[in-house]
Amino acid sequence: MSMDIQVSSVGVEFSDTVALDGIDLSLAGDRIHGLLGRNGAGKSTLLSVMAGFRKPTAGEVFLDGMPVFENPNAMSQMCLIREVPDTLDASEKVSETLALTRRMRPSWDETLARDLLDRLDLDTGKKLGSLSRGKRAALGVVIGMATRAPVTMFDESYLGLDAPSRYVFYGAVLADFMERPRTFVISTHLIEEVASLFEEVTIIHRGRLLLQESADELTESGAEVVGPADIVDRFVADHTILASRSLGSTKAVTTTAPLDETWRRSAREGGLEVRPVPLQDLFIHLTGRGADDG
Amino acid sequence: MTASNDPRQWGLAGYLLSGFSAFAGLMAVPLFLVTMAIAFLIDRIGTLEQSIWEWASLLVRFYALAIVLHVVKTHFPLHLAHGGTRRQFLGQLTLFVVAHGAVLAGLTTLGFWLESMVSNLAGWSTPTSSYAYFDSGTDVVAVASTFMVLFVVWGAATALGAVSRYRHRDAGGLGVVAGVLMVMAVESSFGDGFLFLGFIGRFVTLDQWSIGVSVAIGVALALLATFVTWLVGRNLNVKNPAEM
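Heads up: the protein sequence lines correspond to chains A and B, in order.
So the first sequence is numbered by the working numbering: it starts at 84 and just counts up by one.
So the second sequence is numbered by the working numbering: it starts at 617 and just counts up by one.
Worth flagging that the hints you see were computed from the coordinates, not collected in a lab.
These figures come from a predicted structure and were not determined experimentally.
It cannot be assumed that every hint is accurate.
Claimed, not checked - Not close to chain A: a few residues of chain B, all C-beta gaps over 12 Å, as computed:
1) Met643
2) Val645
3) Leu649
4) Tyr749
5) Leu847
Claimed, not checked - With a straight-line cut-off of 25 Å between C-alpha atoms, the simulated DMTMM-like cross-links for lysine to aspartate or glutamate are:
6) Lys855/B x Asp172/A
7) Lys138/A x Asp786/B
8) Lys176/A x Asp192/A
9) Lys209/A x Glu179/A
10) Lys689/B x Glu179/A
11) Lys689/B x Glu153/A
12) Lys176/A x Asp245/A
13) Lys855/B x Glu179/A
14) Lys855/B x Asp104/A
15) Lys689/B x Asp172/A
16) Lys855/B x Asp107/A
17) Lys855/B x Glu153/A
18) Lys855/B x Glu96/A
19) Lys855/B x Asp99/A
20) Lys689/B x Glu166/A
21) Lys855/B x Glu143/A
22) Lys689/B x Glu239/A
Backbone N, C-alpha and C fix where the C-beta goes; we use that ideal spot for every residue, glycine too.
Build the full structure now, drawing on both the sequences and the hints.
Structural data, given as structure tokens:
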């Protein structure tokens, strides 16, 4: 079931802070969306509003045209897993949280849950209070995946996982998405690691929507040019440099140069290698110092 | 999915009730045995004048309080995280407070009755209660009515305090104060002293009070607490567990 999310002029103000400032956004259903932003950009607040956890100060969120806030028909289609997942008390066991979640989620997939518990090496007999940060994150991943909610959102919820477990998570998202498409919204700081999953990328900065594009278009909006330093420097002299790294006489420069075929061919003929722009470099450029100046 | 077969709509109160009632039942057995042991010792060294189970029932009040605090703190965010709404949760919380109050009242009444029976059989002096509407634990209807109302008001007042604190943190202390005043009022109306309601006694003499009046006061307080809880909780934001 494809479910589109419409965020309409959503604003959230805390006592002395504007967390979200009139965000308009449309997230197409059955896609994997990446939600990026620096610390304090408003990602968690936006996800909380989208999931109906928080009432916005202004605007509204719709799921397939239905208002989300306090609408059981919309909220039951969504699942937001936060960095520390919502569970029972520390004195309760992992199995008890899973049993309660299973009870509340008619779409719960027990086979998927057991598979992920096994792959993430999570002992269901353990008390929640005794879990490490990584294991709590693993529990959040299991819950988020196994609920099979048509809209599943992970708010940096897997950051506590170690590298092998994170790759289990990425694999699980991709495999499950291929088998039974649903809408994923994944906010992250580990951009390079997860970038290949994203079909759409949304970047918010200081509570405002900075950019929303397909991941392909975004990575083709610039290029990483690698080769001998002097040739690279000559080649990108007229372009905006997003990032630059050198190793000996070899240099890699990320630029917003146009990626038309003529430009590519002349770069290759000059002995340079041209790659798609790394999403992380683009993100740093867009949200770095001076980004507010336009 | 229709609303009627959604387990979130009808299941939370039942889920909580089954778990916490079984736990309360298990805890009641050792609590009763301890009170009987204390009664036995007092009877050996002196005269058993007041019901020991009455003291134990104080613990039951705080058990009711702790359970409602737990439900608000833990099950509210979980309920929202898994597709429930605030209004559904508050409805289920109200159902749970009433049903759990009934279970605790039943166990407390059973304790008073058993205490009377054991005292009679053992030939101990007959313990009396300090409540206004019953002297003996064998007056089952009065005992059950008293504790049903007390536990429901304790539960509803705790829910008000807990939801207020969850929403407003320190400023939510006002809800806690309101809840404490409600509990004092209902305790006074069922106790011997009428401490809190003493000012009403200037206009209504105590002999005009009946259990019906006290029950009505309790029901009114529970309804008031539930209404204010609804007002405070209907747009409650779910806090981030990482910040709690």
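Problem set entry | Which numbered hints fail | No hint contradicted; all consistent.
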